[in-house]
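Chemist: In case you want the letters, here they are:
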Amino acid sequence: AQTVTQSQPEMSVQEAETVTLSCTYDTSESNYYLFWYKQPPSRQMILVIRQEAYKQQNATENRFSVNFQKAAKSFSLKISDSQLGDTAMYFCAFNGNQFYFGTGTSLTVIP
Amino acid sequence: GAGVSQSPSNKVTEKGKDVELRCDPISGHTALYWYRQSLGQGLEFLIYFQGNSAPDKSGLPSDRFSAERTGGSVSTLTIQRTQQEDSAVYLCASSLGGPSNQPQHFGDGTRLSIL
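Protein chains in written order, with my numbering: chain Y, 40 to 150; chain F, 21 to 135.
Keep in mind the hints are simulated off the structure, nothing from the lab.
Remember, it's a predicted structure, so these values are computed and weren't measured experimentally.
Each residue gets a CB set at the ideal place from its N, CA and C atoms; glycine is no exception.
Worth double-checking, as some hints may not be accurate.
The following residues of chain F were derived to be distant from chain Y, with all beta-carbon distances above 12 Å [unchecked claim]:
| no. | residue |
| --- | --- |
| 1 | R42 |
| 2 | D44 |
| 3 | S47 |
| 4 | G71 |
| 5 | N72 |
| 6 | A74 |
| 7 | P81 |
| 8 | S93 |
| 9 | R101 |
| 10 | Q103 |
Listed next, with one range per pair, are the computed distances between beta-carbon atoms [what the hints assert, rightly or not]:
| no. | chain 1 | residue 1 | chain 2 | residue 2 | range |
| --- | --- | --- | --- | --- | --- |
| 11 | F | S86 | Y | I149 | 43 to 49 Å |
| 12 | Y | I149 | F | G92 | 44 to 50 Å |
| 13 | F | Q103 | Y | S119 | 43 to 49 Å |
| 14 | Y | N70 | F | S86 | 29 to 35 Å |
| 15 | F | S25 | Y | K117 | 32 to 38 Å |
| 16 | Y | K117 | F | S120 | 22 to 28 Å |
| 17 | Y | E91 | F | A74 | 24 to 30 Å |
Start from the sequences, fold in the hints, and give me the full structure.
Modeler: Shown next as structure tokens:
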């Protein structure tokens, strides 16, 4: 069975500090895509960053970067210089032949 | 509009009633997804439409759940004989293509409450 696991239900970080959210997944597929989505209290889910499994280089989008370890099936999200607007639920997602989301990590940025 | 539109935004109904939830995807997006998000939980995949292909219904939890997508655009998710455990937020998403690096664009969801 394919699953996505986010082992940190809740996290907090001081404003301007760096935080890392963990995600592991299990799959037998070789070609797939990984995403991090953010869901603020307003509810709409928005894309943060994506990674193609065949690419070794870690994706980066401004303050957001990933640490993709394909052999370990790990896909963590690093948020640098945390801002109050980063407070949200963060979901790790797997896109292959099917679609799986993790249970989410609730991140609070403390002023 | 430019984004995925879902209606109604909130729905309260009595146990045993049927409900229909609507999703209007982004124009030109061939793929459409339905998910269910229960309180404090992640997203549970329900069903996936890709173009004119037969939908992937593998996530539907029971035969009380069904979905249609007419003309490759608007989709309706129907829940018959609703039960209290059906209470959740139902999210719709669309993307340019199927399983790929194309991100899914989500609507605001429909919050369904079964009394």
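Chemist: Now tell me, hint by hint, if it's right for this structure.
Modeler: Here is what the structure says about each hint:
1. R42: holds (17 Å)
2. D44: Correct as stated: the minimum Cβ-Cβ distance to chain Y is 15 Å, above 12 Å.
3. S47: Given that every Cβ of chain Y is farther than 12 Å from that of F:S47, nearest at about 18 Å, it holds.
4. G71: Label holds. Min Cβ-Cβ 16 Å, cutoff 12 Å.
5. N72: holds (19 Å)
6. A74: F:A74 is indeed farther than 12 Å from all Cβ atoms of chain Y, at 15 Å.
7. P81: Correct as stated: the minimum Cβ-Cβ distance to chain Y is 15 Å, above 12 Å.
8. S93: The assertion about F:S93 holds, with a minimum of 20 Å to chain Y.
9. R101: F:R101 is indeed farther than 12 Å from all Cβ atoms of chain Y, at 27 Å.
10. Q103: For F:Q103, whose nearest Cβ neighbour in chain Y is about 22 Å away, the distance exceeds 12 Å, so it holds.
11. F:S86 - Y:I149: 43 to 49 Å: Hint holds: Cβ distance 45 Å, inside 43 to 49 Å.
12. Y:I149 - F:G92: 44 to 50 Å: Since the Cβ atoms of Y:I149 and F:G92 sit about 46 Å apart, the hinted range of 44 to 50 Å holds.
13. F:Q103 - Y:S119: 43 to 49 Å: Given range 43 to 49 Å: holds, Cβ gap about 45 Å.
14. Y:N70 - F:S86: 29 to 35 Å: holds (31 Å)
15. F:S25 - Y:K117: 32 to 38 Å: holds (33 Å)
16. Y:K117 - F:S120: 22 to 28 Å: holds (25 Å)
17. Y:E91 - F:A74: 24 to 30 Å: holds (27 Å)
Consistency note: the structure conflicts with none of the earlier hints.
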